[in-house]
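Taken in sequence, the protein lines are chains A and B. Quick note on the numbering used here: the first sequence kicks off at 26 and runs consecutively. Quick note on the numbering used here: the second sequence kicks off at 114 and runs consecutively.
Just so you know, nobody snuck in bad clues.
A few chain B residues facing chain A, derived, Cβ under 7 Å:
#1 L200
#2 S222
#3 G223
#4 G242
#5 H244
#6 G307
#7 T310
These aren't lab readings, by the way, just hints derived from the structure by calculation. Where is the CB? At the ideal position from N, CA and C, for every residue including glycine.
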Amino acid sequence: MNLLIKGADLIGTGRQDVLVRDGVVSEIGMLASGLLGSETVDQTIEADGLIALPGLVDLHTHLREPGREDAETIASGSAAAAVGGFTAILAMANTTPVTDTAEAAERVLDLGRLAALVDVQPVGAITKGLAGEELAELALMAHSRARVRVFSDDGRCVQDARVMRRALEYVRAFGGVVSQHAQDSQLADRHACCHEGELSGRLGLPGWPGIAEEVIVARDVMLARHTGSRIHIAHVSTAGSVEVIRWAKAQGIAVTAEVTPHHLMLTTDLLAGYDPTFKVNPPLRPAEDVQVLRAALADGTIDAVATDHAPHARHDKEHTFINAAFGVLGLETAFSVVSDVMVGSGLLDWAGVARVMSVAPAGIAGLSGHGRPIAVGEPANLTLVDPSATVTVDREASLSLSRNNPWHGRRLTGVVHATVLRGLPTVLKGELV
Amino acid sequence: MKRSLLSMNDLDRQDILTILDTAGSMHDVQHREVKKLPTLRGRTVVNLFFEDSTRTRSSFEIAGKWLSADVINISGKGSSTSKGESLRDTVRTVAAMGVDGFVIRHSASGAAQQVSQWVDAVVINAGDGLHEHPTQALLDAYTMRQRLGDLEGLHVAIVGDLTHSRVLRSNLICLKTLGARVTVVAPPTLMPAGIQTWSQTEGFDTSYDLDAVLPGADAVMMLRVQRERMSGGFFPTEREYTVGYGLTRERLRLLQKHTVICHPGPMNRGLEIAADAADAAQSLVLDQVSAGVAIRMSVLYHLFAGEGSLS
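Here chain B stands alone, though its shape is the one from the complex (with noise of 0.2 Å):
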């Protein structure tokens, strides 16, 4: 396993199975009376987060206070990045201090990527602008695979604003990886540009019809549709987008009873998702929640612990 993770590509498919199956063990600590493990007692990471987050934060927080690193969480606004200090900077006096990683979270593209050349310590991406959400990816994985079981063949349909999703571009790297078929839908507006040979070069499908796409799904990822998009004319009105690509109740009708539904959250209830398929039986959300500290733990564990056995 690389060093640090950054982008999905630094995971093969062995190193994705194994930070899940470590993330099936950490989840049951999840559950214990007692949840702190002493794995990574004396490590210190720190949260470096420019763009507000709750779950994400939170969760990395939780994931390492439970392996026993001191967690100490740095947020962009009360930052000196406020003060005119450059990220350079701000990321190699916060290195000087001796910490062993970061876990960052900013509003611009490649910027873990970034940081990674400029420290020696270990980089999480927790999000960089549109690119990257790999821990996102990951965790979708296991919530899909615990439902649905080996992901090799399932048929997995992404829907929604493409265009600016870090969690889309994490998760086709990873259900490739993992050997699933994906299918992206939105309106044409709401695709990444060159999409197309994107598509045919990493062996995806493009779609502008979801009721077409439905029904053969195994798992229907639904994106947040950001309101302020309308004024950027990406879409006339919520109410046309939810008639073309909203998981309306009537649509619940198309998938299969098998079907899962996962959002990656925070949701717009009414806009991409109706309330009636965000709780319906076939929802992971709350589980996509639970996975996520999980999921974090794991990648700690082996970014910081190295290849050594779970004590």
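Just chain A, with the same shape it has in the complex (with noise of 0.2 Å):
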């Protein structure tokens, strides 16, 4: 199978043509300028006016299969990460059961790959059923075929300092990263569901204080400077976060993070009438919050985009605001937010992006065919979006089985139009194929 894409701007350095056979770029150049070889074509992407990007990798989603497949499976989450740009995406433990067994991770796997529209990595869970005691069976799982790196009791976090440090040792053995929700419980319970601030105090919603997060953040990376082992802080929320991520990078920490499209964009005002569309862990933060971070995407402090696609059933999202379920959805509009918030501000450029949505969550993830350059040899996993296309979100549109789209109405700049998973074209025109 050859494919052939003609055209497009090389991650912003300049157009060219991209020839693909077998799922591996194997000729880069101008079909005009007779470099590209003349062998047949069988399928070919006109690329005018498109950027190419390594496809995009995402370190965070929620596919709830097992367990709540009323909700999203596996193949519909995949559908939705293909649209959204995503090559691969991991997706997180906290199913029903957890994927905290080898067997459970490489159900996961195979059910990614028999949908077949993005890779699908599983993320294992640091400890038995999320309970936060004892550590589930991290070596089991990194050495089953699932090849699990990222382990993640995400949704909780890892109280116990004890067992949080066990799990940063345990896993050098095998080259494994721990990525942490960091949310201590004690100063942000279970209930806590507004950015603790005036907004908080007038509509009487139970706080969630920056410094929840940030105490984590801080113990967790003296725990990695400790032990010496890598960590990686999950949907970063605070400017006091990014301070302390900061100052330990610069001690040579081993230290990543990550933030969300919607902590990019959305601000705690939005709660303002108690719709729970907009209720997330962490909250959505003030203003001075989102400017900090998006900073800190752009000078690398955090390392990548990662959406926390999180679909929840229309019925557990219409309750009450502090007794509806925490999460939106993510995979379909990251790139749009990403490039409206990032790009159109010019805090970020195409190889920016390509850092931040590709080639960061690939490395942290150890995953090798992903996040790579475009470039000859290289798995043809690609992206093509265009800059300067115009969508206005409409949740009845996903391709997600959820509708719990914070983004509805909102009109973005910059569209996903084509998906290449080694070499063959998952979505084409912003269409599944």
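With the hints as a guide, bring both chains together as one complex.
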């Protein structure tokens, strides 16, 4: 199978034609120049005006299978991911049952392969049943067919410093990384749902103060320094966490961090109407934090964008604010949000987008076939985006099984046009192939 | 006047004064031998209480009955929500029976506002979590106004567990709209998040020093302090709380002669308010309860019978 991508701007460095043979980039040049071979082309993508990026990689999705297939399945989540420009996604472990064994991880891997739209890489739980008490079978997951490298109890924070220390030490044997959902449960308990500040005071909603995240980030970077292990901070949401991470990186501590599209754009004031659509964990923060997060993503203090795609059945969101489920959809809109917020403002160029949405997350997750340069001999995992097209988000148009979409009705600039997984288009003209 | 009463922000100054004046007429009805008015005949009002309440629920029930409305009480514990039905389904189910309005009490902040988006009926907030309790603020204003006259320029001190008080939030809005000056008093741990910027925006004062505030107050509103708060580390002991923030017999001497004492109830005698203060001649506690029915009659009248004249 030969695929020709004609005239795309390769990561903003200039227009080229790209010939893909059997899933691998085989030639790059201009057809007109005669540099490209004249062999038969099975399929051509006209890419005038499009930017080619390495296929996007999401470190943080919730696919709900097994357990809540009414909210999302591995197949429906894969479809949403492909339309969002992703070629690889990491599926969080907080399913029912939890991904805390090799068998559970292999099952997620296999269901992802069956859907065959993106590479679905399971994340393993750090502790059995996400209980925060005993380590899960980390090495068996690492040595399984699923080759698990990222471990997280996401949705819950590992509160016990001793357990966290042991996990960090243990995963060194197989080059693993521990991803922490940073939330001190004493400072922000399970009811905490609104950024603690004037609005939470006025609305009478339980506050989720930034400090509840920051004390765990600070503790964990010190544990990572002590153990010499890799720590990854999931969904960083406050300026204080950014300060700690910046300091830790300056010390040479092996810390990486991600930020979600919603924390890059949406702010606390959206909660004023008690609409549970905007209920996420950690909560939306004030504009000052959002500005700091954007700058930190631009300067590399925050390494990656990760969606924290969290589908929920409608009836799990139609409760009072305090009782509704946490989470928003993110896979289909992530690129458009990053394009709108980061490229539109000049904070990132296209190489920067490639870095935060593909190269860095692939590196953190240890996915060797993703996040690669667009060069001869590299696997053809590619995303073609239209930088000037706009989209008005319509939650009903989603391929996710859920509708908890905080972007509904918003107009965003920058749209995914096509996605190519190992040389095979999964998405063309914005539609699933 | 807006169609529903979800927050004190739904009422402007004129709305509040209209409700207080009508409550005055209703208060007269309350002392007649035959108390029934035909105003809301044929209207059905559902008291939907998902949280325990004695005085608010019964005063709404009496108010509705004296206005000849059909009043139905549904309490959360026996209702479908305890069987796992969502709040949305519960209210839409009841609304589908053709009721005209809901009086709703719920432990979750924002519940009344959400319900108003799910049904077409009139919705009255009878207390939503830590957010608001508008009819309480109205009856507080009514009671203080009866004793002190126009509240414009008067100084009201609100003292106690501010963080966990929906009465505080509604009163801040109501008293400001009526032109009163407000100082809120509590230990730092019982002040709501962001109160410093909030107080600047809304123009009220905050203090940790009750003794400094009392001599300048025309009204002192004591808020209930739940004993369970101690386990949350909000204050160390009852004794220390009372010494710092209780309206004790000793502190009564700091009050001016005309200063009135309010408490929304239920009171923790000996904790936030001494018996001598609760039962003092200056205490309006029972007047507040009595005004509760009149205020709720007035609110039901204005929201259901519209702007027409009182028959």
